[in-house]
Amino acid sequence: MYTHAQEAPLNPATHDAAVWIETLHRRFPELLAELAPRNRSPSAPSGAGRSAPGRPSAPLRLHVSDAVRDITDGVVELDEAVHDRLRIGRPRHARVPQRLARIAGLLGEIDAHPDLAGHVRDEARRMVRRCGRALGDPEPVVRVEGRCPWCDSVSLRAFPDRRAVLCVNPGCRCGTEGCPCATDPAHRHLWPEGDTGAPPGTDWPALAAAMDAAAEGARR
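Under the numbering used here, the sequence shown has 154 at position 154, and the numbering climbs by one with no breaks.
Keep in mind the hints are simulated off the structure, nothing from the lab.
Beta carbons are placed, not taken as given, at the ideal position from N, Cα and C, and that holds for glycine.
Hints should not be assumed to be uniformly reliable.
Using C-beta positions, here's what the derived DEER-type ranges look like [to be verified]:
no., residue 1, residue 2, range
1, G194, P29, 18 to 28 Å
2, L32, R102, 12 to 22 Å
3, G105, G194, 33 to 43 Å
4, G146, D70, 29 to 39 Å
5, R102, G178, 41 to 51 Å
6, T183, A33, 31 to 41 Å
7, D203, E30, 38 to 48 Å
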């Protein structure tokens, strides 16, 4: 996936797109796992535990299947749109994780096209949220001490799935030229884990430990 430290600073939309793509890359396999058969007991011997004739098997989880199909189609379309806009030919067939990694690898080129970067960000964000709804596992949140440097509110939160600190104040506006917060109500200012430009007082080691604990608790 895209490594921020190895490249020049990204524009805000591209930076956020990188975070959402990374999150989708991590969560999509969880969605696929939800479709796995659950008829056999974990302690049953190999070949045992299948539904007996006439006995109904586990119900098909249509909302999960629909989410997998929607996200798969969305990633394919996004991959094709990026390749078309960058004029690098039609992308080779690949599975969702490989396509996401391919898009992430093109973020440096995508960054030169603000409208494309915004589209990638919006689509990746939409698919992450669709994935989360299907999993029924809302992302845990860790409160962060201090105030947002842009809106001065106590609205900073750490999100384990994104490994980042966000300002959750919907009215937050930074005034930075080109930042999508001026035009996109869904945009939230974000600082990835370890960012030296994070709000003053951000204790990344302590937050990382808290985020790991919150994420582990959410998985139980």
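Verification of the supplied hints:
1. About 24 Å separates the C-beta atoms of G194 and P29, a value consistent with the hinted range of 18 to 28 Å.
2. Range check, L32 to R102: about 19 Å between beta-carbon atoms, so the 12 to 22 Å window is met.
3. Checked against the hint of 33 to 43 Å, the C-beta distance between G105 and G194 comes to roughly 21 Å, which is inconsistent with it.
4. Between G146 and D70, the C-beta spacing of about 38 Å keeps the proposed range 29 to 39 Å intact.
5. At roughly 26 Å, the beta-carbon separation of R102 and G178 lies outside the given 41 to 51 Å, and the hint is violated.
6. The hinted window of 31 to 41 Å between T183 and A33 holds, with their beta carbons roughly 37 Å apart.
7. Checking the proposed 38 to 48 Å range against D203 and E30 shows it is violated: the Cβ atoms sit about 29 Å from each other.
Hint compliance for this structure: hints 3, 5 and 7 are broken, all remaining hints hold.
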